[in-house]
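J.: Residue-level listing of the chains:
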Amino acid sequence: MKKVNYLEIEGRSGGFLALLGVLGVILLAGLVGMYHMEHNGHYVTGMDNQIVWGMPHVFAVFLIVAASGALNVASIGTVFGKAMYKPLGRLSSLLAIALLAGGLMVLVLDLGRPDRLVVAMTYYNFKSIFAWNIILYNGFFAIVVVYLWMMMQQSMNKYYKAAGFFAFFWRLILTTGTGSIFGFLVARQAYDAAIMAPMFIIMSFAFGLAIFLLVLMLGYRWTERPLGDEMVRKLKNLLGVFVAAVMYFVLVYHLTNLYATEHHGVEKFILAGESEHTTIFWFMQILVGGVAPLAILYSKLGASRMWIGIASILVILGGLAQMYVIIIGGQAYPLDIFPGMEIINSSFADGNSYHAYTPSLAETLLGISGFAVALLIVTLGVRVLRFMPDSLSDKDVDPHHKG
Amino acid sequence: MKYLHMMLVLLTVVLLGSTTAMAEVPSPKIPKGNAEQCVEPTQEMRVNHMEYILHQRDETVYWGVRTKKHSFKECINCHTVKDDAGKAVTFKDERHFCNSCHTYTAVKIDCFECHASTPTAKSGANPHSSINSLIKMSAAGSKE
Amino acid sequence: MSKPEAASNGMNRRKFLGAGAATAAGLSVAPGISLISVAEAKPVDQTISSDQRWGMLIDTNKCAKGCSACVDACNDENGLNTGDEQRSRQEQKAQWIRKVDLRDKLTGHEVSLPLMCQHCENPPCVDVCPTGASFKREDNVVLVDKHICIGCRYCMMACPYKARSFIHEELTNQLEYSPRGKGTVESCTLCVHRIDEDTANPRDPACAEACNAEGHKAMIFGDLKDANSDVSKALKQHSSKAIREDLGLNPGIRYRGI
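These protein sequences, in sequence, are chains A, B and C. At position 281 of the first sequence the residue is numbered 281 (this note's numbering), and the sequence of numbers has no breaks. At position 5 of the second sequence the residue is numbered 1005 (this note's numbering), and the sequence of numbers has no breaks. At position 22 of the third sequence the residue is numbered 2022 (this note's numbering), and the sequence of numbers has no breaks.
Hints are computed from structural coordinates only; laboratory data are not their basis. All residues carry an ideal CB built from backbone N, CA and C; glycine is no exception. One should not assume that every hint holds.
Claimed, not checked - Quick list of in silico lysine to any residue cross-link-like pairs, SDA-like style, CA-CA up to 25 Å:
1. C/2136 x B/1062
2. A/127 x B/1063
3. C/2062 x A/338
4. B/1069 x B/1080
5. C/2105 x A/261
Unchecked claim - Pairwise CB distance ranges, derived in the manner of DEER restraints:
6. B/1068 x A/353: 46 to 52 Å
7. A/310 x C/2248: 48 to 54 Å
8. C/2173 x B/1106: 24 to 30 Å
9. A/340 x B/1083: 23 to 29 Å
10. B/1044 x C/2173: 29 to 35 Å
11. A/35 x C/2061: 51 to 57 Å
12. C/2105 x B/1068: 49 to 55 Å
13. A/118 x B/1104: 23 to 29 Å
14. A/22 x C/2248: 48 to 54 Å
15. C/2107 x B/1053: 54 to 60 Å
Construct the entire structure; sequences and hints are all you get.
T.: This is the structure in structure tokens:
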């Protein structure tokens, strides 16, 4: 095993510029959508007083969850001491910061008063999980930047292990905080479950790794740097384990709810209802985002990088679907304000039928642009700083490599 | 920070004074309020009006103090500017009292996103009143 | 702000007469100190206090199905949906109080009631608000400080009564005592602008006033901490319930007949 040599990418090719162009256009479209929403007010969106969090939250929470998961690869190297993962630490950290930035941008731009961001940073209600999250997100940026610095400056290398441990614990708390945004809401039938926090952590493992795998494989392919099969095989197997774990948590969550009669209504609504949420749950979340990637990753197809890439994309799509069902589906099921009573008339859309939600183009574009921001940061990051080893071939990174 | 802010404001005020004398530089036309004198000396209000408004804001929102002296409502009531038809102009109009200076100094204010920029009709009732406000008024009347 | 002074000039005549002998005994413990808290007139320059807690008892037996006097009065009083909020869809329009008709699933018994912010003692909206914009006054009126509301809508996710509305478009023509604007969240204020005029004998909130004017008298408003207020007496006499009592939020709005 030779010493890892990190190098910027050249970034002069037409492909590089085209990539920047495409991402820039997506970002621009999102910003136009955001301007439309903020200029007119949220009446131009599909959101209303029933569905108060819409498409931007689906993307924002997905990206934030994926951000903490993307750091996992670095943690495996630093915290768990797996030598093979160590060369991936820098890229993993960069991706984590980038995804968080993308998610937060979407979250902030969907606020009713995004111009008051400074208020969010200066007024804190410490009982609010949102307020904790503001601190956790800002802290995450700071800690991962320090972690990167420790990894990238030779004289600071001796501290990188400590920074890596700290970053690992911080990210676990961060995802716990994100899951608890929903887990601590007693008012809504679909939330109010402590399992939300660990489920979000395991979701972050899967989503973050899926995005990391895609970035890694495409990055090394486009720069024509060697990437060893053994490394890809290890990562894809890990992705399979995480996807299976997510499905296990989803199963336990629904089984718990199914046991309690109180929750039968919302379970029937999600699992066997007439709304789009049932379709999205079974088809997108379970089939496309769970069963299909598992089948690919653990069959012969799993040997092909193209199929691993497809499986990663499916995991991302399934993850977005899962966020949609959690966030939109959870709100679509009407609040049980009067247990035992049937609401026969209300002027404020209470009642027994679910709340419909049709996302507007603007809010969807804003959500998607979060991805563009994250990938722009990564693309520019690897262009200007040394995040990517010039070779990740098996003989260069695996101490036990034979042959 | 606060001193810096005050210095800046003072500087602006002084500059405004001197430029008015010079006449060739446009200066803001600040309309007079409806009373002889503002609740604090004019110079003090020019520099520190926001401090008074902010203080009173929190007193009212959190502690239910609704004295008139420094209340935003009274600012609006007194500093009305009427158009040719005799109707008070809103913040959308450049003649509005707050606009006259804030446009000039290019300081954006957020107050009128939510607050009324003209006095509410004296009856206290909604301008878009319906039969309900009539009921309300008669109910209020019978209570006296 | 000396207490005895407030007590001497603030003892409202009607309250004093209504208090009767029971209060007289309470007052005799020591000068200026009363065992039963007696509402004291708050001059407008004095702050509200936790000696009072505003609330309401809503008698669903008296609430008429199909009557929306309270909703209309609230809309008028606070300038909601008055020509301005035309671009918002029905599900996006603000509603601080709404009428809900219910049927008991087992017995078929039907009731009609007004539902608004329940002014909880332990309000989930206040817990979750990241900036503290959602807050509870000393007298337990739950409000939004729209100056620091960033429009994140977490409070709307947390409220078990769906009592809050988000303003989906730019507004003009607000009323001077009811500031409201695009991108912030709002809900029933229990007409605090009326309460603050005279805390010893506040005018009823617009909804209750309209209900009385209609002759239904289904909503009794008052100080829950004053044992002699109409609402306290009515609460003591009859059984009543809080909506979603199981959540332990101790709302200030109570209902009879549900």
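J.: Are the hints correct? Go through all of them and say.
T.: Now the hints, each set against the structure:
no., hint, verdict
1, C/2136 x B/1062, "holds, 8 Å"
2, A/127 x B/1063, "holds, 22 Å"
3, C/2062 x A/338, "holds, 19 Å"
4, B/1069 x B/1080, "holds, 16 Å"
5, C/2105 x A/261, "holds, 16 Å"
6, B/1068 x A/353: 46 to 52 Å, "holds, 49 Å"
7, A/310 x C/2248: 48 to 54 Å, "holds, 50 Å"
8, C/2173 x B/1106: 24 to 30 Å, "holds, 27 Å"
9, A/340 x B/1083: 23 to 29 Å, "violated, 58 Å"
10, B/1044 x C/2173: 29 to 35 Å, "holds, 32 Å"
11, A/35 x C/2061: 51 to 57 Å, "holds, 52 Å"
12, C/2105 x B/1068: 49 to 55 Å, "holds, 53 Å"
13, A/118 x B/1104: 23 to 29 Å, "holds, 25 Å"
14, A/22 x C/2248: 48 to 54 Å, "holds, 53 Å"
15, C/2107 x B/1053: 54 to 60 Å, "holds, 56 Å"
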